[in-house]
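Novice: Full structure from sequences and hints, please.
As a plain string of letters, each chain reads:
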Amino acid sequence: MTGIIMFFAALALLVVGYPVAFTFGSVAMFFGLIAAIVELLPNPSFMSVMEEFFSMFSMMPFRTYSIMTNTILMAIPLFILMGIILQKSQLAERLLESMGILFGKVRGGLAISTVLVGTLLAASTGVVGASVVAMGVISLPVMLKYGYSKKLSTGTICAAGTLGQIIPPSIVLIILGDVFQLPVGDLFKAALFPGLALVGCYVLYILVISMINKDAAPRIVVPEDEKKGMVWRAVLAIVPPLALIVMVLGSIFAGIATPTESASVGAIGAMLLAAAYKKLSWKIVIDSCRETVKITAMVFAILIGATAFSMVFVYTGADLLVEEFMMNLPGEKWGFLILSMLAIMALGFFIDFIEISYIVVPILLPISEAIGINPMWFAILIAMNLQTSFLTPPFGFSLFYLKGVCPPGVRTVDIYKGVMPFIIIQIGVLASLVIFPGLYGF
Amino acid sequence: MCFVTGQFCIHTKFYQSAMLNKVELLISRVVDIVGRCLAILLLLMVLNVSYDVMMRYLFHASSVGMQEMEWHLFAVIILFGVGVALKEEGHVRVDFLYDRLSKRKKAVINVLGTIFLLLPLALLILFGSIDFVLDAYNSGEISEDPGGLPLRWIVKCMIPVAFGFLLFAAVGYILQNVEKYRSSK
Amino acid sequence: SCKNQEEPAKTGSVEEKAAVPEKAVKWKLAMTWSSTLTPLASPPLKLAKLLDEMSGGQFTIRVEGAEKHKAALGILDMVKGGQYDMGHSASYYWKGKDMAMVFFTSVPFGMTASEQYAWFYYGGGMELMQEAYEKYNVLSLPGGNTGVQMGGWFRKEINSLDDLKGLKMRIPGLAGEVFAKLGVNVTNIPPGELYTSLDRGTIDALEWVGPAMDIKMGFHKIAPYYYTGWHEPASEMQFLINKKAYEELTPEFKAMLDTAIKAVTADMYIENFAGSVDAWSQMKTEYPNIMVKTFPKPVLKAMKTAADGLYDSYAENDAMFKKVLDSQREYMEKARAWTIISEFNYIETSKALAE
Ligand code: NA
Ligand code: NA
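Residue numbers (my numbering), protein chains in the order written: chain H, 43 to 484; chain S, 9 to 193; chain A, 59 to 413.
Calculated from the structure, these hints are not laboratory results.
Beta carbons: idealized from backbone N, C-alpha and C, even for Gly.
Hints are not guaranteed to be accurate.
The calculated DSS-like cross-link candidates involving lysine-lysine, where the alpha carbons are at most 30 Å apart (straight line), are [unchecked claim]: (1) H:K231 x A:K279; (2) A:K342 x H:K231; (3) S:K114 x H:K459; (4) A:K274 x H:K231; (5) H:K459 x S:K111; (6) H:K325 x S:K30; (7) A:K355 x A:K380; (8) A:K214 x H:K231; (9) H:K325 x S:K95; (10) H:K375 x A:K274; (11) H:K187 x S:K111; (12) H:K459 x S:K113.
Ranges of calculated distance between the beta carbons of each label pair, as one might list FRET restraints [what the hints assert, rightly or not]: (13) H:V148 x S:R108: 36 to 44 Å; (14) S:G73 x A:K359: 24 to 32 Å; (15) A:A377 x S:Y145: 17 to 25 Å; (16) S:Y145 x A:F402: 43 to 51 Å; (17) A:R394 x S:G73: 35 to 43 Å; (18) A:K355 x S:H68: 23 to 31 Å; (19) H:G377 x S:R112: 49 to 57 Å; (20) S:K113 x H:K187: 29 to 37 Å; (21) H:G483 x A:T118: 44 to 52 Å.
Specialist: Here you go:
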């Protein structure tokens, strides 16, 4: 119960507008104190409450340290740096513009290009913060510059930047592989089609919405006198930065670098590319680094605040309530599937996907086995569902991360509204995966 | 007498304000320097990772120590970056209300938020991590892996030091917002 | 007296009161592993269940896996600091704090599980372990054994020492140091990226645990050579107990705890053995393409020399290390003679009979 109240308290305090990270952390602290008192009822002496409270929070350095030593998270600053250098050297702008121009009279070209670049990045990292922020830095300014609506721009970026969770390699899939005791390689293969289906639906949605709402995604207008050889010039502008992104991917596939390390190939590559275009200066490098430090710290402050939050959530025994609820799910296929998917989605509001995976899945697994549900399919359903939880307001991490790199004119509400259609698409694809597993090779 | 006292008060107020300004300026300068150092460290981290990739792929020569250096640098960047981002307004807010508020009200939220939300949290983590560092120091902890880095306590002690730095930056942030409150009547 | 009148009202009868101590004990235990990682996670979970039953619900332990506390390698510090009353881990994770800790798990070319258990319980091992953990104010007890771990998955066959030179391998601990001495390019890869790295050839080989857990990772699909073990002949898990918390237990609870720990420790060894038996037979039938190999004798010889050299050099600078090393070496010589004449000889004869 305390856990649920804590959720709403955090929500209320967030609205005041003090930074998210510290709000999460301190709400956790306050409720930790309450939890310590509750734990020691009926006679909570001051000293014993303090002892309990401090002992709870002396877990924080351990949790912080495990974030520090989690080398997979190094992909975050590396990808952000690549994105910022591409942006500051105007290479990203030219890439997206040119891709947009190639779409000709079709509207929404920039947004579709964003989805495609996001798909490529997703194939080289599985860390959400890394790709959302990189995509935000690369494509938000361009889309806004060409008059795209804030809603469509931010929604597209959040959705495209979160694709990394389902398109392999992916941390969610690795953890689910561990919990489900399924080979990671098989899960990666199984996730590919559902992931690409998402990409397809995003593109389709963008095409349709830009046709209906012409203000949302204006065409890129090229002056008449520049039209000659325009396509050729566009192709020329696309090749180098796109090649860089493909190189990042290639370094993983050729066995040169691990996915995390490949991001450094991207950062160095972006600098070399900028140098080749004579856009590189010490100032750009150091400014990009400073910017990266700031954004990375923003992401980590949220991670640290959230870790305190989930620590107290677990401490108050809220996870036991969840377990109890899960145990009582119906033993009939459709009821079980629908309720378990809804429950996971709801939990996504409170705690991170790692905890969801380990708390919920071991309970669901035996039930699903008894019903005779294909575990690989079930794992992908959960992965897809967890991916959605990064996008759902109010606590979706992708939304916070993108907000952190938005220009001042873009407000939280724009992002919340913008991401809604994409959440509906995700739920739609998830539903189609539930109803027609055959379509995806299950 | 009264007049004189009034004068004196205004003078003290002015004097205090100038003092606070100076303190704030000093803090903001230090935070700035730390930010610049972190930028250099980030560049070093990028080079570090690329160097390790190259050595392993081309020369079949990995150094576990160099690999560990990667996350040591990473740790320093993310920990101290929190304070730098505070000064540079880099932390995300939910802005439903905040954006519509006057400058003065924003300053009030920032001052109160920092005092009641940030400071206690930072203090708690700072003091909570001292035993954590001492454990590493007293046992002379080193890397568990062959060829890894010694002196684990140094990277562990970045936690309390960084949260100390966050407190320091937070004081500057409070002063900065007090100043904003005063200057935007 | 007053007290006597109060208590039976709660617990039912006077007899029960005599058997069950007055104060209920609620402990917390942190594991290095996630709660689903059986058989490693089995001993703590079974311990909690046993104690709950033995004490009639008066002595309960809340077991938390790494997914909850998020500090897999902080167990020793957390038990020492009192955030948790107990821990379940493996002693060699504290190698960075104290080199001698490796002996209480397993070392390259060390003892088999039965030899090592004999050393622990009847050969002075427990006393040495307690001496090593004295300064952390914790008790350390054996906590289950994995038996012989496999030597790892390789993308190409190892025929000579030259094949090891420049080989990129993820292998932690002492075994990594031995390999490094033989020219292997020992590298750190986070577990989450192991599969992709081995698949893409970023590394050529890796060491994991044994058939049951390895098959689940799917390594056999990308690295067909599976080498037999040499480096962890009998990895012993460990229970850590905060000393102060233990001292506060009543004699009855202490006895329950000690007994239950010994029971679940034996149980994990058996559970793991049974699991490996099944996994091995499954592997042979379902994945006949896996090529099971043993390192050639010259390679093993070089490993042994390298390992002995390592031990001697550590012993030179570390008195505790030397003390435990000497004890293990001495005991192993004695124990091995018996193993050879008993079990090994029996297996050789049965094998000969079968042929
Ligand atoms: Na991915
Ligand atoms: Na192992």
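Novice: Would you check the hint for K187 of chain H and K111 of chain S, treating anything up to 30 Å between C-alpha atoms as holding?
Specialist: At roughly 28 Å apart (the allowed maximum being 30 Å), K111 of chain S and K187 of chain H satisfy the hint.
Novice: Are the Cα positions of K231 of chain H and K279 of chain A separated by 30 Å at most?
Specialist: Holds - the C-alpha atoms of K279 of chain A and K231 of chain H are around 13 Å apart, at most 30 Å.
Novice: Does K231 of chain H sit within 30 Å of K274 of chain A, going by the straight-line distance between their CA atoms?
Specialist: holds (15 Å)
Novice: For the pair supplied as a hint, K214 of chain A and K231 of chain H, is the alpha-carbon distance within the 30 Å limit?
Specialist: The given pair, whose Cα atoms are some 24 Å apart, holds under the 30 Å limit.
Novice: Between G483 of chain H and T118 of chain A, is the Cβ distance one that fits in 44 to 52 Å?
Specialist: Roughly 47 Å apart at Cβ, these two residues keep to the hinted range, so it holds.
Novice: K113 of chain S and K187 of chain H, beta-carbon distance inside 29 to 37 Å?
Specialist: For K113 of chain S and K187 of chain H the Cβ distance comes to about 32 Å; the hint holds.
Novice: If you draw a straight line from the CA of K459 of chain H to the CA of K113 of chain S, is it 30 Å or shorter?
Specialist: holds (26 Å)
Novice: Taking 30 Å as the top limit, are the C-alpha atoms of K325 of chain H and K30 of chain S close enough?
Specialist: holds (29 Å)
Novice: Do the Cβ positions of G73 of chain S and K359 of chain A conform to the proposed distance bound of 24 to 32 Å?
Specialist: holds (29 Å)
Novice: For the pair we were handed, K325 of chain H and K95 of chain S, check the Cα-Cα distance against 30 Å.
Specialist: holds (21 Å)
Novice: Hint check: K459 of chain H vs K111 of chain S, CA-CA at most 30 Å. Holds or violated?
Specialist: holds (26 Å)
Novice: Do the beta carbons of V148 of chain H and R108 of chain S sit within 36 to 44 Å of each other?
Specialist: holds (38 Å)
When held up to the earlier numbered hints, the structure conflicts with none and fits them all.
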